[in-house]
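A.B. asks: What follows is each chain in one-letter form.
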Amino acid sequence: MKIKNILITFFSALTILFSTSVISLAKVVGDKIVLGAAISLTGKYSSNGVHTQNGYNMAVDRINSMGGVKVGGKTYKFDIIYYDDESNPKRAAQLAERLISQDGVEFMLGPYSSGLTKAIAPVTEKYGVPMVEANGASRSLFTKGYKYLFAVLAPANLYLDVAIETAVELNGGKGVKIAQAFEQDAFSQDVRLGILDAAERTGSEIIIDDKLPKELNDMAATLVKVKQMKPDVLVVSGHTKGALTAIRQIAEMKVDVPMLAMTHCDAAKLSKQHGKNSQYALCASQWHKTLTYKDDFFKDGMKYAADFEKEFGYDPPYQSAESSAALLVFKDAFERANSFDQKKVRDALAATNMQTFYGNIKFAEGGQNVDKPMVLFQVMCDSAGKCENKVVAPLKWASAELIHPIPKWSER
Amino acid sequence: MITIQACLDGILLGVLFALIAYGMALQWGVMNIINIAQGDLVILGGYIAYFMYLYGIHPAWGVIISPIIMYFVGIGIYKLVINKVVDRDLFISILATFGISILFMQLMNFAFGADVVLANSGYGTTFLFDNNVVLPNSKIFSATVSILFAICLVIYMKKSKLGRAIRATAQNSRAAKILGVDTEKVYAATFGINAALCGVAGALISITFTIHPYMGLPYTIRSFMIVIVAGLGNLPGVALSGMGLGVFEEFADYILGTEFRIGSVFLLLVLILVYRRFKLSRKREYLK
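Residue numbers (the working numbering), protein chains in the order written: chain A, 1 to 412; chain B, 1 to 288.
Simulated from the structure, these hints should not be mistaken for laboratory data.
Treat the hints loosely; a few may be bogus.
Some but not every residue of chain B turned toward chain A, in silico, with C-beta under 8 Å [unchecked claim]:
#, residue
1, ILE2
2, GLY113
3, PRO136
All residues carry an ideal CB built from backbone N, CA and C; glycine is no exception.
Bound-form chain A, shown alone:
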């Protein structure tokens, strides 16, 4: 018994010693700037988690191979410590805590999804660790007064704003009748708030306003209402499940609506899974490879897409592009701050004003990027049934003309 106690004490002492020695490990080791990230590599967000990680890795390799980050006359390379947050907000918060207090990370990259970013942000804020995130768009992230949170993407309430404005414009400036169905989660409800704002601003009327429960994958009832009430625009947001369900049931029930706008078409691989049935759907996107923004590292969207495909074997979704952009922002901020002092880096981040292949980046007081509009693309198919996403709005970057109204099912 005595020996057992001695052994326990011995091992506890070793553990304490070991953990304190870990604490002394710093964020900038030798010529490396170590960033921390909790990413969903397993669990329900794992697909997008992997897209995020690939985006980060792609940018790290590119920046390192092109000379790294120059601070105080010395060149540093990026390195990232990843942990798997299992798509679980509690786990993500624990891991952020661990990255900061045990691994000694002083700069963080964001996780995937608004929910997980919301879980991590209070932790990074508590420790004063600057975090550049690329996958949390929920408006509530930017209204809490966080000082160390910066998002390279446009906030969720702007996702489908453009669609309503376009519909009103096509209607000769008069308000339109809107039907909407949104899942009951933070992100989709933020998109809904954006539509409510847009409706008020343009004098449009919301005639159907359904909230889809998370576990539901049947929206037949909403679509029957749409058939009866004939709105001008149907807006759906419910992540990939919502996009896939909507297209399937709209096609099956032959619902005719002049404009259909959605989120997550990219992630849902709409055109691949539904083929011609997804034709004419308008999709909100943070980025599209045909946009003509430029930077020194990835050149432009097309080049980025080609390089990404070479490296990872698939066309980059916007989740990867925005994740890569986060690293470019960090590099720029470190060089302007010319220091690794967290406060100075934070101030440099706040003063960011740059263009990347992903878009212009300039942060508002709340940390959201205000210099990059959302784009809308439309699924367009050729006669052979091959479908492609083409940017149709804003007009500045349009690579195809918007097809409006959507032809009736009986005429297709």
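Please build the complex by placing chain B on the supplied structure of chain A, with the hints as guidance.
C.D. replies: For chain B alone, coordinates are given in the frame of chain A:
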């Protein structure tokens, strides 16, 4: 017209749920096990149909292939886990199947990825009443297949030797054992049949809705509710309560809005349970 549309939508949806509930009622009745992994077996069945679709086989064949594979998956689960908890407390079996459910979710996520997928059947649409009522043929197909499987199962239970043995075990497993029924085999077969039914339902769901590794729980809950409403051992009741709940759900959706759809079904469940208890308490007799 909306009334007819809601009724038909509800019935077509309810029949599919009833099929899953049917399997749950069967093994709950026979083995006294509440299978939390029911929905995950459904999703696994769906993935089998989806993969057939990916390899160019029409997903409707999944209705035949998926139950065959799932039957053996069911037997496997029984041999590995369920046979160790079958005579134990109900709580233990809930825990065990909850564990299986988590394991299945993670394994499916690992094997198939976290993307939401579906299989396109290419079936068209049926229009009724001057195009005012619209029914996707895939839903009609799934309801028809569900009914066919349910009828076959009822006949099998009545006529076959194994079916009789299953029913005998459900009535009194000890007595059945004494009379020479190999209850161990009966349990394994029951679990296998349940998994096969889940396989059929899964294949149908991949054709009519969408599948995702983490989407199983709603199916478990729904079938649990249907069984509770119908009562154990009441197979026609399961079919009726499935359809009834389906129709009720659709109407709740039209009248109250989609956000109250699931809530109203739960409210109905509570009301039914309270009513049952009230009825029972009136029947209760006391020894003086």
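A.B. asks: Could you work out which earlier hints the structure fails to respect and list their numbers in ascending sequence?
C.D. replies: Going through the list in order, the structure violates no hint and respects every one.
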